[in-house]
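Undergrad: Sequence:
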Amino acid sequence: MQGQSNAELIALYSRAIALHPNDAEAYLRRGVLHCQQGDQLRGLADFNEALRLNGSDSLTFYRRALLYQQRHEPQQALADLEMAIRLEPCLFEAHLLRGKLLLQEGDAHKALASFDEALRLQPHHALTRCLRALARWHLGQSEGALTELTEAIHLVPQEASFYELRSRIFAERGQLAEALADLDQALRLAPQEPGYYYSRGNLYLALGDQERALSDYSEALRLNPSYAEGYNNRGVIFLQRQEVEKALADFNAALRLKPDYADALTNRARSLLLLDEREQALNELNKALTLEPSHTQARYHRGCLLAEEGDYRGAVTDLTVALRRQPRWAAIYFYRGTCYYWLNELERALADLTDAIHFASQPQAVFYLHRGNTYRALGEYAEALADYDLAARLAPEMAEIYFARANLHFSQGDAEQALSDLAHCLKLQPDFGPAYLQRAAIYADQERYAEAVADLEQARTLVSPEEQNRIEWELALLRQRLAQQPES
Numbered sequence: 065m066q067g068q069s070n071a072e073l074i075a076l077y078s079r080a081i082a083l084h085p086n087d088a089e090a091y092l093r094r095g096v097l098h099c100q101q102g103d104q105l106r107g108l109a110d111f112n113e114a115l116r117l118n119g120s121d122s123l124t125f126y127r128r129a130l131l132y133q134q135r136h137e138p139q140q141a142l143a144d145l146e147m148a149i150r151l152e153p154c155l156f157e158a159h160l161l162r163g164k165l166l167l168q169e170g171d172a173h174k175a176l177a178s179f180d181e182a183l184r185l186q187p188h189h190a191l192t193r194c195l196r197a198l199a200r201w202h203l204g205q206s207e208g209a210l211t212e213l214t215e216a217i218h219l220v221p222q223e224a225s226f227y228e229l230r231s232r233i234f235a236e237r238g239q240l241a242e243a244l245a246d247l248d249q250a251l252r253l254a255p256q257e258p259g260y261y262y263s264r265g266n267l268y269l270a271l272g273d274q275e276r277a278l279s280d281y282s283e284a285l286r287l288n289p290s291y292a293e294g295y296n297n298r299g300v301i302f303l304q305r306q307e308v309e310k311a312l313a314d315f316n317a318a319l320r321l322k323p324d325y326a327d328a329l330t331n332r333a334r335s336l337l338l339l340d341e342r343e344q345a346l347n348e349l350n351k352a353l354t355l356e357p358s359h360t361q362a363r364y365h366r367g368c369l370l371a372e373e374g375d376y377r378g379a380v381t382d383l384t385v386a387l388r389r390q391p392r393w394a395a396i397y398f399y400r401g402t403c404y405y406w407l408n409e410l411e412r413a414l415a416d417l418t419d420a421i422h423f424a425s426q427p428q429a430v431f432y433l434h435r436g437n438t439y440r441a442l443g444e445y446a447e448a449l450a451d452y453d454l455a456a457r458l459a460p461e462m463a464e465i466y467f468a469r470a471n472l473h474f475s476q477g478d479a480e481q482a483l484s485d486l487a488h489c490l491k492l493q494p495d496f497g498p499a500y501l502q503r504a505a506i507y508a509d510q511e512r513y514a515e516a517v518a519d520l521e522q523a524r525t526l527v528s529p530e531e532q533n534r535i536e537w538e539l540a541l542l543r544q545r546l547a548q549q550p551e552s
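Last residue of the sequence shown: number 552 in this note's numbering, and the count goes up by one each step with no gaps.
Note that these hints are calculated values from the structure, not bench results.
Quick caveat: nothing in here was measured; it's all calculated off a predicted structure.
Be aware that one or more of the hints could be misleading.
[Unchecked claim] Distance windows between CB atoms, simulated: (1) Leu339 x Glu169: 40 to 46 Å; (2) Trp537 x Tyr445: 29 to 35 Å; (3) Leu355 x Glu480: 55 to 61 Å; (4) Gly443 x Pro498: 19 to 25 Å; (5) Ala80 x His218: 45 to 51 Å.
[To be verified] Under the rule of at most 27 Å between Cα atoms (straight-line distance), these lysine-lysine pairs were calculated in the DSS-like manner: (6) Lys322 x Lys310; (7) Lys351 x Lys310; (8) Lys351 x Lys322.
Glycine included, C-beta positions come from ideal geometry on N, C-alpha and C.
Sequences are here, hints too, so could you generate the full structure?
TA: Now the structure itself:
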């Protein structure tokens, strides 16, 4: 039958079946041809008839399982594979396919057992080694998975996908240099594979090498202009570089290709926030969370946005959901802690800000500043001062730290130290209106009315119209006292 088309062969088997309607093998062979033609319904009908005629043929069960797999009916496929294996325990292909399906269904334990049996039958089958590595990785056995992949690579050193999978496991373990070496090798073997450039771009991004990451994402998009993930991740780099228009263009491209892409919606919202398009950004985050209610980044950014809008309770809800997915993310604790502070839930604020400090990859002055504010509100002044002092050492150029510490000193009766901190605050940030107001209050308390008036006049130029009215009243009072003050 060599040289004949599938259609011709189907016609031949149809004539044979007409002559011998109980020929199960003829139905099997015609069913295989129908499947090769893409006619799944006729293929399934032929396999069913073959099994009605001969219910003990392992190959027919296996072929029907393959068809069920193509039809995305995994449970029917698994049932047929169980029958095929029961009838022929040494049918390697059935063990292998059963393992693949079990892995897809999330049962890595049973998948691993099936791959073990396949390897017992064919110990040097590289793909089975690779699939067993995948199962072990899903079970958290990354060391064993690496061993399996190394053996698979030893068996078939020219298979690029083995290196790519091993690179992902290395990356998850934090072994980025090893992951990068494997992706380099994968690309030497398959230089036209866009997914490998995308993965290497992710690695370069994790290593802080934006230029190489950008180059790899761009190459992935050249090879596959419909690669939504490539546009999204390249947009992230543009966003980090504050090239907001380029970032938006990439996120828009990703969403044209994949409108339900929650990552791209979230990143587009981040871009819009940088352009102060807050309402539109909130709409994007709402869309992302409609698609993926537990999307960590979307919850985090919406929580921060709600906090800035004064909806502290709504912000706490979002940030709490984000923390369930990322319980070691310092920034989430920080923002939730500040929300609790403004809600006057000070013990919760203190706990969150302490966790933010604990989980931060390096000390953050702003975390200590806000925890200092919380300690002060709780009346724990020594702890507050210690946090302010540490914040000042970490970020000596941050004016807000000196302002907060000045308030603490003044509340403790140390006016001179408060004045020293306020002077330093205003040296760093001459347009810091609250610092002039605070210093004016201290000067007035010390009956240094001329200096108090000068500071209030300066503050008046830096505050809102509502506050200007209050300052005018205070100025009138201080000028009256100044006029009554005897000349020195």
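Undergrad: The structure should be examined with respect to each hint, and the outcome stated for every one.
TA: Hints versus structure:
1. Leu339 x Glu169: 40 to 46 Å: Given a distance of about 44 Å, which is inside 40 to 46 Å, the answer is holds.
2. Trp537 x Tyr445: 29 to 35 Å: holds, 31 Å
3. Leu355 x Glu480: 55 to 61 Å: holds, 58 Å
4. Gly443 x Pro498: 19 to 25 Å: Holds, since Gly443 and Pro498 (Cβ atoms, about 22 Å apart) stay within the stated range.
5. Ala80 x His218: 45 to 51 Å: holds, 47 Å
6. Lys322 x Lys310: holds, 18 Å
7. Lys351 x Lys310: With a Cα-Cα distance of about 22 Å, the restraint between Lys351 and Lys310 holds, given a limit of 27 Å.
8. Lys351 x Lys322: Answer holds: Lys351 to Lys322 is near 13 Å, not above 27 Å.
Violated hints are absent here; each numbered hint is respected by the structure.
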